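Undergrad: Here are the chains, one letter per residue:
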Amino acid sequence: MIDGILIGLGTAFTPINLMLVMLGCFAGTFIGTLPGLGPITAISLMIPITYGLDPSSSLILMAGVYYGAIFGGSTSAILINAPGVASTVATSFDGYPLAQKGQAGKALAIAAYASFSGGTISAILLLVAAPSLAKLALSFQSPDYFALMLLGLTAVSAFATRGNTLKALFMAVLGLMLASVGQDASTAVARFTFGIPDLMDGLNLLLLAMATFALAEGLLVVLERRKDSADLSGVTSRLGSLKLSREEVREIAPTIGRQSVLGFVIGVLPGAGSTIASFLAYGTERNMASSEKQKEFGQGSIRGLAAPEAANNAACSGSFVPMLTLGIPGSGTTAIMLGALLSYGVSPGPRLFIDNPAVFWSVIISMYIGNFVLLILNLPMIPYISRLVSIPQRVLVPLILYFSIIGVYLVSFSTFDILLMIGIALAAIILRRLDYPMAPLILAFVLGGLMEENLRRSLMLNDGSISFLWQRPLTLAIMLATLAVLAIPLVRVVKTASGR
Amino acid sequence: MTERLVALVLLTGCVAYGRASQDIQLLFGAEFSPFNARTFPWFLAWSGGLLSLGILVFPGSNSRDPAFAGLAWKPALFLSVLVVGYALVIPFTGFFVASFLFLSAAIISLGERRLMVFVPVAIGVALGLFLILNTLLGIYLDDPLLRTLGVN
Numbered sequence: 001m002i003d004g005i006l007i008g009l010g011t012a013f014t015p016i017n018l019m020l021v022m023l024g025c026f027a028g029t030f031i032g033t034l035p036g037l038g039p040i041t042a043i044s045l046m047i048p049i050t051y052g053l054d055p056s057s058s059l060i061l062m063a064g065v066y067y068g069a070i071f072g073g074s075t076s077a078i079l080i081n082a083p084g085v086a087s088t089v090a091t092s093f094d095g096y097p098l099a100q101k102g103q104a105g106k107a108l109a110i111a112a113y114a115s116f117s118g119g120t121i122s123a124i125l126l127l128v129a130a131p132s133l134a135k136l137a138l139s140f141q142s143p144d145y146f147a148l149m150l151l152g153l154t155a156v157s158a159f160a161t162r163g164n165t166l167k168a169l170f171m172a173v174l175g176l177m178l179a180s181v182g183q184d185a186s187t188a189v190a191r192f193t194f195g196i197p198d199l200m201d202g203l204n205l206l207l208l209a210m211a212t213f214a215l216a217e218g219l220l221v222v223l224e225r226r227k228d229s230a231d232l233s234g235v236t237s238r239l240g241s242l243k244l245s246r247e248e249v250r251e252i253a254p255t256i257g258r259q260s261v262l263g264f265v266i267g268v269l270p271g272a273g274s275t276i277a278s279f280l281a282y283g284t285e286r287n288m289a290s291s292e293k294q295k296e297f298g299q300g301s302i303r304g305l306a307a308p309e310a311a312n313n314a315a316c317s318g319s320f321v322p323m324l325t326l327g328i329p330g331s332g333t334t335a336i337m338l339g340a341l342l343s344y345g346v347s348p349g350p351r352l353f354i355d356n357p358a359v360f361w362s363v364i365i366s367m368y369i370g371n372f373v374l375l376i377l378n379l380p381m382i383p384y385i386s387r388l389v390s391i392p393q394r395v396l397v398p399l400i401l402y403f404s405i406i407g408v409y410l411v412s413f414s415t416f417d418i419l420l421m422i423g424i425a426l427a428a429i430i431l432r433r434l435d436y437p438m439a440p441l442i443l444a445f446v447l448g449g450l451m452e453e454n455l456r457r458s459l460m461l462n463d464g465s466i467s468f469l470w471q472r473p474l475t476l477a478i479m480l481a482t483l484a485v486l487a488i489p490l491v492r493v494v495k496t497a498s499g500r
Numbered sequence: 001m002t003e004r005l006v007a008l009v010l011l012t013g014c015v016a017y018g019r020a021s022q023d024i025q026l027l028f029g030a031e032f033s034p035f036n037a038r039t040f041p042w043f044l045a046w047s048g049g050l051l052s053l054g055i056l057v058f059p060g061s062n063s064r065d066p067a068f069a070g071l072a073w074k075p076a077l078f079l080s081v082l083v084v085g086y087a088l089v090i091p092f093t094g095f096f097v098a099s100f101l102f103l104s105a106a107i108i109s110l111g112e113r114r115l116m117v118f119v120p121v122a123i124g125v126a127l128g129l130f131l132i133l134n135t136l137l138g139i140y141l142d143d144p145l146l147r148t149l150g151v152n
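Residue numbers (this note's numbering), protein chains in the order written: chain A, 1 to 500; chain B, 1 to 152.
These are calculated hints, taken from the structure and not from any lab test.
Since this is a predicted model, take the numbers as computed values, not measurements.
Backbone N, C-alpha and C fix where the C-beta goes; we use that ideal spot for every residue, glycine too.
Among the clues, some could well be false.
Unchecked claim - Between beta-carbon pairs, the in silico distance windows are:
id, chain 1, residue 1, chain 2, residue 2, range
1, A, K295, B, V57, 41 to 47 Å
2, A, L9, B, A16, 49 to 55 Å
3, B, A67, A, A487, 25 to 31 Å
4, B, G85, A, L9, 45 to 51 Å
5, B, D23, A, G464, 57 to 63 Å
What the hints assert, rightly or not - Per the computed footprint, the stretches of chain B lying under chain A, defined by three or more beta-carbons under 8 Å from a beta-carbon of chain A, are:
id, region
6, 3-17
7, 25-39
8, 48-58
9, 66-73
10, 87-96
11, 104-110
Next comes chain A alone, as it looks inside the complex (with noise of 0.2 Å):
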C-alpha cells in the first residue's frame, strides 16, 4: 500500500496533476453555482477536455469537477436558497436562513470546512477501503458480477425519486436498451442499427450524458423561463466575517466526525449517494441534538449546515469504492467517469489497482488535494464565482448548449450525432417534465455491455439455466439484496395506489 501511496504521490503532484485539480474545482464551482446545472453537467461538459489527456490525468480532472460542483451548489444553496444539486437542499435549510440573518461568510466558511473535513476523512477511509475490497472482489464471478449490476440499478432507480419508481426502473431498462444498439460484443452481429453505419459502433456515452443532461439542461432554463442568478452579486457584497469562534468549533466538530463516517459509508452503497447521505446526516444530527438545539434546525443551525455538507462530501468519495474496486459505479456521476475510462481503454475494477496502480493511486490522492484548493482557493474566490454566475441567461444558455454540441462533434466529426443529440434532448425534457429521473438511464447504459457479458457467461456456465443468481452464497446474497431494494417503494406504490 505504501508503495501505492507513493506512486499516487508521484502522479499527483506533477504540476500538471496539480494544475488540473485546480482547474476542476474552479470550473466545477463555477457550473455547480449555476441554479440547476449539477456534478453530471459540469463532467460531461469536461469530458471533450480529457480526450487529450491521460488516464490519470482525465480522472483527477473530473474528481475536481464533481468536488467543485458540489461546493458550488453549496455555495447558491446558501446565498440565494436555490441549490445547484439536489444533495445540497438540506444545506439550504439552515445555511440560508444563516444568511439572512447577515452571516453568509459564516455559512460559507462553515460549509467549506465541513465540505474540506468530509472529504479528508472520507479520502482516508478510502485508501484503506478501496484496496480491501479490491483485493476481495478479485474472488467474484460472472454470476457475482451480474448481480451486482441488478443491485446497482435496482438501488439507483429505488432511490432516484420518490413516488417514481416504476418510472425510474423503465429508465434504467431503456439505458440498456440503448446500450444494445450497434455491433453485438461477442458475435459482431449489427443490432438495431436499421442499416445507419454511424449506429455500427453505438452511441456515444458523451453524446448520451450530454443530450440528456447539459442540452436538454439548457434548453430547460429557456423553457421554463427560469430567471437569472444576477441577485446573487448583491449577496455576495454583504458576506460578513468568514471567522467562527472557538465554541462554534467546538460544536461543529464531533457533528463533521460522525457525520463524515455515514456519509462515506452511504456513499459505498450503490445507488444511495450524496443526496441521502445527506438527508439522512441532517436527520439524525437533528435527533441527536438536545431538544433546545433541535428549536434552532430551520433556523439557521450551525450543526444542521454542517452536518449534511460533511456528509455529501464524505459520500463523493464513497461512491469512488465501487466504481474504482468493482468497476461498477454507484452514481450517475460515478458511471460517467466509469464511461469516460473505459472510452481511454482503462478498465475499472478489482485489477485497476494491480494493473494501473497510477491512476487508482493517483484519483484518491487528488481528491485529499481537490479538498485543499477548494478551501483555500475557492473559498476566498467566492465572490469573483459570483460575480461569473450574474451572466445572464440569454448569453449562458446559448454557451451551454454550444459547448456542448461541440464536444460531442469534436469526438466524432459527425453531424448525424449533433441530429440525433438533440433528438434525444427534446425526448429527455418531456420525460423529465414527468418526472421520469436520468441517471438511472446513464447508469444502466454505462453497464448494459457488461451486463449482457456476464449473463452471457453465466448463462453459457450453466446450460441456459437462471440457478446460477442463487448457487453461490455471495449472488444468493445479492439477489436478496436487490429483491429487498426493489419490494420496498412497489409495496409503496400498490399502497399508494389502492389507498386513491
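Fit chain B to the given chain A structure using the hints.
TA: Here is chain B on its own, set in the frame of chain A:
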C-alpha cells in the same frame, strides 16, 4: 392523461424494440445456444413492456401538474432548430462561421440585441476555441475562412 399517453408511447416503443430484436441476424447454429445476440434484447423488451404497462396502470405522482402548461415553447424550439441548422451548415462553412452564426442567432433569439455584446461573445468563443483546439491540443478543424486569413 399526459402521463398515460407517454406510458402508452413507451409501451409501443418496447413492443417495436422486441419485434426488431427478433430480426437480429444470428450466426449459424446460434439459435440453439442458451445465449445469443437476441437473448438480452428480448429480455429487455419484456421488462420494459411490463414496466411501461405498470406506469400505465399506476402513473404515480408528478411534481409538476400539469407537466407542460405555461412553458416557453417558441424560444426553446427555435434553439433546437438552430442546433439542427448548425449540424447542417458546419460541413459547408467550416467551424468558425458556423459557430459564429449559431452563437449570434442563439443570443439574439433570447433577447440580447446589443451588437457590442453578442458579436464579441460569438467571435471570442468561436475563435478562442478554434485556437485552443487547433494550436494547443492539435485537433485539426477544417475552416476555409480562417485558412484563407492565414489563422491556421
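Undergrad: Check each numbered hint against the structure and report the violated ones by number, ascending.
TA: Number 5 only.
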